[in-house]
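> Residue-level listing of the chains:
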Amino acid sequence: MKIDCCGLACPEPVINTKKSLEILPDDSILEVLVDSNASKENVIRFAKNEGLSVSDEITENGSIKITIVKGFACAIDTQEDNSKFLNKVLFLKDDKVGEGELGSMLIVGFLKSLLELPKLPKTIIFVNKAVLLTTADENSGVMKVLKEIEEKDVEIFSCGICLDFYKVSDKLKVGMIGNAYGTVEALLNSEGTISL
Amino acid sequence: MAPGELSHAIGALKSCNDNLIIGMEASNEDASVYKIDDEKALVQTVDYITPVVDDPYVYGQVAAANSLSDVFAMGAEVATALNLVGFDGCHHKPEVLAEILQGGLSKVSECGGIVVGGHTIDTPEMTYGLSVAGFVHPGKIYRNNTLRVGDVLILTKPIGMGVLTTAIKADMLDEKAVLKTADILTELNQKASLVMREFDVSACTDVTGFGLAGHAYEMSGKNFTIEFDFDAIPILEEAIEFANMGIIPAGTYNNKEYLDLHVEVKKEFQDEIFFYDAQTSGGLLMAVSQKDAPLFLKRLKEEGCKYSSIVAEVKEFSGKSLILK
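Which chain is which? The protein sequence lines are A and B, in order. Numbering-wise, the working numbering puts 137 at position 63 of the first sequence, and it's gapless, one number per residue. Numbering-wise, the working numbering puts 36 at position 38 of the second sequence, and it's gapless, one number per residue.
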């Protein structure tokens, strides 16, 4: 969240900072823009008195940007805890990327490439024809890749209705059966969904 | 205005007359003094402020006490006062103005003066104050920079009004604290001024917008070093909490910036900012001989100036005008 307190007289910058911090959830970051030394000192005093970590820098146009981290938990540690994963969901609707034989090769290549990345998506959801991937033969290329992804603690969900539709429920070899609610929840709570 | 900007702006103004005892070029005195005859001199001062409390009657009292204070700092008696009003008629009913003026009148009457007129203009922000005329014996004027080495400084009101009035503007001060603050702000410096004349006092000023440090710096006249005992400075505890929260007026920071070069801080004090806190209607700061100090302090307290404290000692100039220890 960013608030602009340039041109405001004391105590307004502090009051606006206080109000903004009250509505922000823990561990969020508030940026306060001010243009006087008094406002800067006051906002920093306020943040420190609240036990929050605070830093300031001069912006290109000469105003002062104060960055306040809300919450007592160290923001850097929190980031490191989650750093194994991107808060993103990979949403697959088909067992191919595009059409035909090339499409089948591409999906395997794509999933394999995921393993090369420093951070994996938190969740992969397989729906519709994509459930044929999570139910593929044990020795197929795609299954090997998916098992490796699962070993890295990525959540893998296959749509229950879809498994039934293609009559492959008993062949699921990787991840768990997901439901509509869980799928929607995962999609909405992530910072981004990638669909192929 | 910040102290540095002000002295720059008025530096070029000159006025001379044989009867003018204190005018603009005489350092930064609280009021002008014009000799009428060998027994009598006219003291004139003007001051106005924006609202510091929500109650219009109390605001009128505070503004009046603040304006009258300069006369008392000179050791003079108030004779007449003129109202100076900038009224925001767009946002306030005429009754509000009536209450402000009633508040002002109550304080002028309390010290034996009379309100004889005034002038009102429309302004987007409310201002109120007085132009005050008083009298003093030309030989018994209390200047602000005539200290003696060895004197001690007594302050008659607590520090913290800048922070507290800012907290009032922020609507963060509870009612009890507002009343306590208003009591201090509306207290006239007349009694302190009258008691002062019983003792061996060498110089006097009142503490207002430039803060304790700023007005002490004027007292030093760059000829003395005033050594403050920080822990002896009465600071209202209610104010400390708000200062920690950053409820500090810009004027306080301006004062600190202007005075930094002239202050030697012996050790760090957590609440050091109060040394610079811009006061409204602050107390008198008086230099008294060490011999007289204990009795003077006792008399001040008897007269109701209960916060009076010895806060500093005057030393020979040693490079910096102010020391905080």
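Hints may be right or wrong, so weigh each one.
As the list claims (entries may be wrong) - Below 30 Å or equal to it, Euclidean Cα-Cα: the simulated DSS-like pairs (lysine-lysine) are: (1) B:Lys299 <-> B:Lys323; (2) B:Lys178 <-> A:Lys122; (3) A:Lys122 <-> B:Lys220; (4) B:Lys323 <-> A:Lys92; (5) B:Lys299 <-> B:Lys138; (6) B:Lys189 <-> B:Lys174; (7) A:Lys122 <-> A:Lys167; (8) A:Lys92 <-> B:Lys174; (9) A:Lys203 <-> A:Lys76; (10) A:Lys162 <-> A:Lys122; (11) A:Lys167 <-> A:Lys247; (12) A:Lys221 <-> A:Lys186; (13) B:Lys178 <-> A:Lys93; (14) A:Lys122 <-> B:Lys323; (15) B:Lys33 <-> B:Lys138; (16) A:Lys193 <-> A:Lys218; (17) A:Lys186 <-> A:Lys162; (18) A:Lys203 <-> A:Lys245; (19) B:Lys265 <-> A:Lys122; (20) A:Lys203 <-> A:Lys221; (21) B:Lys289 <-> A:Lys122; (22) B:Lys38 <-> B:Lys174; (23) A:Lys76 <-> A:Lys186; (24) A:Lys203 <-> A:Lys218; (25) A:Lys162 <-> A:Lys193; (26) B:Lys265 <-> B:Lys289; (27) A:Lys93 <-> B:Lys174.
To be verified - Just a few of them, taken from the derived set where beta-carbon distance is under 8 Å, the chain B residues facing chain A: (28) Cys88; (29) His117; (30) Thr121; (31) Ile246; (32) Pro247.
Bear in mind the hints are in silico, worked out from the structure with no lab data behind them. Backbone N, C-alpha and C define an ideal beta-carbon position, used for all residues, glycine too.
> Look at each hint and say if it fits the structure.
Against the structure, the hints:
Straight-line distance between C-alpha atoms of Lys299 (chain B) and Lys323 (chain B) comes to about 25 Å, which keeps the hinted pair within the 30 Å bound. A distance of roughly 28 Å separates the Cα atoms of Lys178 (chain B) and Lys122 (chain A); the hinted pair therefore holds under the 30 Å criterion. For the hint pairing Lys122 (chain A) with Lys220 (chain B), the CA-to-CA distance comes to about 37 Å; that exceeds 30 Å, so the pair is violated. Between Lys323 (chain B) and Lys92 (chain A) the alpha-carbon distance is near 34 Å, which puts this suggested pair outside the 30 Å criterion.
Proximity of Lys299 (chain B) to Lys138 (chain B) is assessed by CA-CA distance (about 24 Å); at most 30 Å being required, the pair is judged to hold. The straight-line distance between the Cα atoms of Lys189 (chain B) and Lys174 (chain B) is roughly 25 Å, inside the 30 Å bound, and the hint therefore holds. The suggested pairing of Lys122 (chain A) with Lys167 (chain A) is violated, with an alpha-carbon distance near 50 Å, which exceeds 30 Å. At most 30 Å may separate the alpha-carbon atoms for a hinted pair to count; Lys92 (chain A) and Lys174 (chain B) meet this at roughly 23 Å.
Taking the CA atoms of Lys203 (chain A) and Lys76 (chain A), the gap is about 44 Å. The hint is violated against a cut of 30 Å. Our distance criterion of 30 Å between C-alpha atoms is broken by Lys162 (chain A) and Lys122 (chain A), whose separation comes to about 34 Å. A distance of roughly 18 Å separates the Cα atoms of Lys167 (chain A) and Lys247 (chain A); the hinted pair therefore holds under the 30 Å criterion. Distance check on the hinted pair: Lys221 (chain A) and Lys186 (chain A) sit about 11 Å apart at the alpha-carbon level, within 30 Å; holds.
Restraint check: the Cα-Cα separation between Lys178 (chain B) and Lys93 (chain A) comes to about 27 Å, which is no more than 30 Å; the hinted pair holds. In summary, the hint linking Lys122 (chain A) to Lys323 (chain B) is supported, as the alpha carbons are separated by about 25 Å, within the 30 Å threshold. The straight-line distance between the Cα atoms of Lys33 (chain B) and Lys138 (chain B) is roughly 12 Å, inside the 30 Å bound, and the hint therefore holds. With a CA separation close to 19 Å, the supplied pair Lys193 (chain A) and Lys218 (chain A) stays within the 30 Å bound.
Between the alpha carbons of Lys186 (chain A) and Lys162 (chain A) the distance comes to roughly 17 Å, so the proposed pair stays at or under 30 Å and holds. Distance restraint check for Lys203 (chain A) and Lys245 (chain A): the Cα-Cα separation of roughly 14 Å lies within the 30 Å cut-off, and the hinted pair is therefore satisfied. Taken as a hint, the Lys265 (chain B) and Lys122 (chain A) pair is honoured in the structure, with Cα atoms around 21 Å apart against an allowance of 30 Å. With a CA separation close to 19 Å, the supplied pair Lys203 (chain A) and Lys221 (chain A) stays within the 30 Å bound.
Distance hint between Lys289 (chain B) and Lys122 (chain A) is unfulfilled; the C-alpha atoms sit about 45 Å from each other, more than 30 Å. Between Lys38 (chain B) and Lys174 (chain B) the CA atoms are separated by roughly 44 Å; this puts the pair beyond 30 Å, and the hint is violated. Taking the CA atoms of Lys76 (chain A) and Lys186 (chain A), the gap is near 39 Å; set against the 30 Å cutoff, the hint is violated. Restraint check: the Cα-Cα separation between Lys203 (chain A) and Lys218 (chain A) comes to about 19 Å, which is no more than 30 Å; the hinted pair holds.
With a C-alpha separation of about 10 Å, the suggested pair Lys162 (chain A) and Lys193 (chain A) falls inside the 30 Å cut-off, and the hint holds. Using a Cα cut-off of 30 Å, the hinted pair Lys265 (chain B) and Lys289 (chain B) holds, with the two alpha carbons roughly 29 Å apart. Between the alpha carbons of Lys93 (chain A) and Lys174 (chain B) the distance comes to roughly 24 Å, so the proposed pair stays at or under 30 Å and holds. This hint is violated: Cys88 (chain B) has a C-beta 20 Å from the nearest C-beta of chain A, more than the 8 Å allowed.
Proximity of His117 (chain B) to chain A is violated relative to the hint, the smallest CB-CB distance being about 27 Å (cut-off 8 Å). A cut of 8 Å between beta carbons decides the hint on Thr121 (chain B): the least distance to chain A is about 17 Å, and the hint is violated. The beta carbon of Ile246 (chain B) comes within 6 Å of a beta carbon in chain A, closer than 8 Å, and the hint placing it at the interface holds. Hint on Pro247 (chain B) holds. Least Cβ distance to chain A is approximately 5 Å, under the 8 Å limit.
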